[in-house]
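Trainee: Residue strings, one per chain:
Protein chains: 2
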Amino acid sequence: MESEKYMSVAPVTSETKIGILGFGGLGQAAARVIAPKRELAWVAAADRKGYAYNPAGLDPDACIAASHSQGSLGYLDPYGTLSSSSIQEVIESESVDGYFLALPNLPNTYMASVARQFIQAGWRGVLVDALKRTSAVEQLLELKEELQAAGITYMCGCGATPGLLTAAAAIAAQSYTEIHSVKITFGVGIANWEAYRATIREDIAHLPGYDVETAKAMSDAEIETLLEQTNGMLYLENMEHADDLMLELAGICARDRVSVGGVVDTRNPKKPLSTNVQIQGRTFEGKTATHTFTLGDETSMAANVCGTAFGYLKAGVSLHRRGIYGLFSAAEIMPQFVK
Amino acid sequence: MESEKYMSVAPVTSETKIGILGFGGLGQAAARVIAPKRELAWVAAADRKGYAYNPAGLDPDACIAASHSQGSLGYLDPYGTLSSSSIQEVIESESVDGYFLALPNLPNTYMASVARQFIQAGWRGVLVDALKRTSAVEQLLELKEELQAAGITYMCGCGATPGLLTAAAAIAAQSYTEIHSVKITFGVGIANWEAYRATIREDIAHLPGYDVETAKAMSDAEIETLLEQTNGMLYLENMEHADDLMLELAGICARDRVSVGGVVDTRNPKKPLSTNVQIQGRTFEGKTATHTFTLGDETSMAANVCGTAFGYLKAGVSLHRRGIYGLFSAAEIMPQFVK
Chain G
31 MESEKYMSVA
41 PVTSETKIGI
51 LGFGGLGQAA
61 ARVIAPKREL
71 AWVAAADRKG
81 YAYNPAGLDP
91 DACIAASHSQ
101 GSLGYLDPYG
111 TLSSSSIQEV
121 IESESVDGYF
131 LALPNLPNTY
141 MASVARQFIQ
151 AGWRGVLVDA
161 LKRTSAVEQL
171 LELKEELQAA
181 GITYMCGCGA
191 TPGLLTAAAA
201 IAAQSYTEIH
211 SVKITFGVGI
221 ANWEAYRATI
231 REDIAHLPGY
241 DVETAKAMSD
251 AEIETLLEQT
261 NGMLYLENME
271 HADDLMLELA
281 GICARDRVSV
291 GGVVDTRNPK
301 KPLSTNVQIQ
311 GRTFEGKTAT
321 HTFTLGDETS
331 MAANVCGTAF
341 GYLKAGVSLH
351 RRGIYGLFSA
361 AEIMPQFVK
Chain X
31 MESEKYMSVA
41 PVTSETKIGI
51 LGFGGLGQAA
61 ARVIAPKREL
71 AWVAAADRKG
81 YAYNPAGLDP
91 DACIAASHSQ
101 GSLGYLDPYG
111 TLSSSSIQEV
121 IESESVDGYF
131 LALPNLPNTY
141 MASVARQFIQ
151 AGWRGVLVDA
161 LKRTSAVEQL
171 LELKEELQAA
181 GITYMCGCGA
191 TPGLLTAAAA
201 IAAQSYTEIH
211 SVKITFGVGI
221 ANWEAYRATI
231 REDIAHLPGY
241 DVETAKAMSD
251 AEIETLLEQT
261 NGMLYLENME
271 HADDLMLELA
281 GICARDRVSV
291 GGVVDTRNPK
301 KPLSTNVQIQ
311 GRTFEGKTAT
321 HTFTLGDETS
331 MAANVCGTAF
341 GYLKAGVSLH
351 RRGIYGLFSA
361 AEIMPQFVK
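Protein chains in written order, with the working numbering: chain G, 31 to 369; chain X, 31 to 369.
Careful, some of the hints might be misleading.
Since the list gives no way to pick one copy over another, a pair counts as held whenever it fits inside one copy or between any two copies.
Said to hold, decoys possible - Straight line, CA to CA, 25 Å or less: simulated DSS-like cross-link-like pairs of lysine-lysine:
1. Lys317 - Lys369
2. Lys317 - Lys246
3. Lys317 - Lys67
4. Lys47 - Lys317
5. Lys369 - Lys213
Source of the hints: derived by calculation from the structure; they are not laboratory data.
Using the sequences and the accompanying hints, generate a full structural model.
Mentor: Next comes the structure, spelled out in structure tokens:
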């Protein structure tokens with residue numbers, strides 16, 4: 031209620047022009063999520079080789095077709111532009127109010143380097159990412175004052191985990207005087223890992239014996255071989271996930287009380303277990319209890335990541351219009367529902 | 031992260047002076063929740079016959095003892111003041127940054143009339159309530175412009191339901207393109223209904239054949255008789271709860287898609303069922319799914335209501351320091367964790 035007073039000078043409307051940077055599995059899913067929305071107009075997208083821009087709105091089918099059949103959005107006729115510095119070019123050339131950075135998490139410095147490009151271009155607006163690794167978020171933390179000075183409202187860690195589940199943990203924490211543990215366990219099922227090449231490499235990097243560099247260097251054939259050995263399953267424990275840092279920065283608990291693990295089935299769209307977060311704490315009456323937030327199995331990773339990211343992008347637009355810039359996480363800000 | 035930039039000119043500290051209006055079961059529980067917090071200093075409380083104020087901080091044991099043994103906080107030596115217009119007097123006389131309005135929900139116009147007292151007194155600060163009824167929240171909605179003009183940041187519907195569960199529903203909604211239903215089912219167990227006289231009357235008012243007036247008019251003996259007939263249980267369906275209005279105003283779904291029901295056991299502190307909210311929706315891929323947020327049974331109503339209320343009070347202090355006034359609900363703002 032009174033939301034418009036808090037949120038913005040003007041309500042968030044379809045005049046809010048949105049772009050997607052990165053057009054792999056996540057970026058393409060984001061295009062399908064955003065295209066039907068009335069409140070946000072999807073006008074720009076970029077991949078490594080080019081970008082597409084149409085101030086009247088992009089068509090996800092046409093964009094995905096250009097990407098699949100020709101290898102880049104830059105071939106989209108007549109809205110595409112081929113460019114080897116596509117991100118730089120779209121930032122500098124086109125009028126966009128906010129971007130979802132659907133870019134690979136790796137290397138850990140990559141997202142921060144893109145944020146720096148926005149700062150250096152003198153761009154003002156809202157950025158949202160679905161970063162996963164703690165160390166990648168730490169890179170962004172170093173930019174917080176620069177982002178604020180630049181007039182950028184950056185919403186960090188706003189995917190599923192961190193993101194949706196971190197926010198649920200922050201809500202759940204309210205019942206407690208002290209938080210003992212936040213335990214996130216995700217189940218992911220994908221029919222075909224090749225649609226999520228970057229994401230699967232990021233997951234493999236969490237396995238014992240692998241790191242970010244070795245996982246990134248793996249060929250598709252090497253990944254196939256690994257997945258054949260595990261029958262397509264990836265079991266992940268004590269993952270480096272920024273939920274820990276985000277909950278610590280929000281003042282909820284020390285980061286070592288937060289743990290993230292999960293099971294990824296790369297050969298079956300059915301989730302191997304229901305994704306959930308368990309928040310255990312002590313109440314003012316001295317009782318120990320556990321709240322649980324469980325996601326419906328029928329919600330895909332894409333739905334949970336992209337829906338959340340755009341909800342935070344909308345919240346970020348509201349903050350930006352109030353002149354509130356800087357770096358914020360999903361644990362601090364309530365996402366808004368995008369219609 | 032960067033929370034201080036968003037939140038406030040100065041961080042929320044123990045210099046933030048907090049009061050509690052109403053000192054029945056809820057107000058007394060709130061005193062126990064707030065007293066150990068380092069970030070908020072509990073300095074004032076009022077009941078019908080008087081108030082207590084100590085800028086160095088009140089002691090919950092002493093306050094509760096004065097209330098129980100002498101019938102009012104006004105008898106607390108040396109901090110008590112007896113007054114038949116205690117709320118008016120504490121507002122006008124004492125320096126308090128924010129109040130938790132732990133007042134009865136009934137009559138439906140009561141909370142709004144208290145808000146009006148704050149406005150008329152020229153008081154500026156943060157108010158938080160744990161209102162339940164839709165019609166009571168509607169009364170407050172009518173005051174939103176006056177609250178804003180007065181420099182008051184009013185956080186409405188910030189208990190357990192509405193409040194904690196409404197916020198969880200707002201988070202959960204992010205996975206979906208459209209929300210089909212939000213179904214809240216609560217279980218409450220209290221050892222002794224007489225500690226929650228007002229709350230139990232509010233619950234009875236939701237039963238078939240009762241309304242707000244008839245429930246309020248019931249004597250304790252009449253309530254005993256009713257509870258003997260039901261073996262101490264109250265079964266509540268399709269309750270008038272402001273979760274519906276709050277989720278509608280936050281743009282999440284039409285209010286008729288939100289339902290609230292529950293079971294109250296007035297003779298057993300064990301909950302008759304686990305309080306939960308189920309959020310069913312349709313994803314961008316056309317799948318129907320249900321997210322579920324379930325509270326640990328060991329968390330009492332008092333923990334879930336008071337913890338949440340103070341979390342929103344802290345968030346409200348941050349908004350207020352930024353000059354953001356008006357009326358906000360638990361579905362719009364992320365609560366902050368109070369240490």
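Trainee: Each hint: holds or not?
Mentor: Okay, the hints, checked on the actual structure:
Proximity of Lys317 to Lys369 under the C-alpha cut-off of 25 Å is restricted to the inter-copy arrangement: shortest distance 17 Å between copies versus 40 Å within a copy. Taking the closest pair of Cα atoms, Lys317 and Lys246 never come within 25 Å of each other, the shortest separation being 46 Å inside a single copy and 33 Å across copies. In this homomeric assembly, Lys317 and Lys67 come within 25 Å of each other (Cα to Cα) only across copies, at 17 Å, whereas the closest approach inside a single copy is 44 Å. Proximity of Lys47 and Lys317 under a CA criterion of 25 Å is satisfied in neither setting, with 48 Å inside one chain copy and 27 Å between copies.
In this assembly of identical chains, Lys369 and Lys213 lie within 25 Å of each other by CA distance solely across copies; the values are 21 Å between and 31 Å within a copy.
Of the numbered hints stated above, those contradicted by the structure are hints 2 and 4, listed in ascending order.
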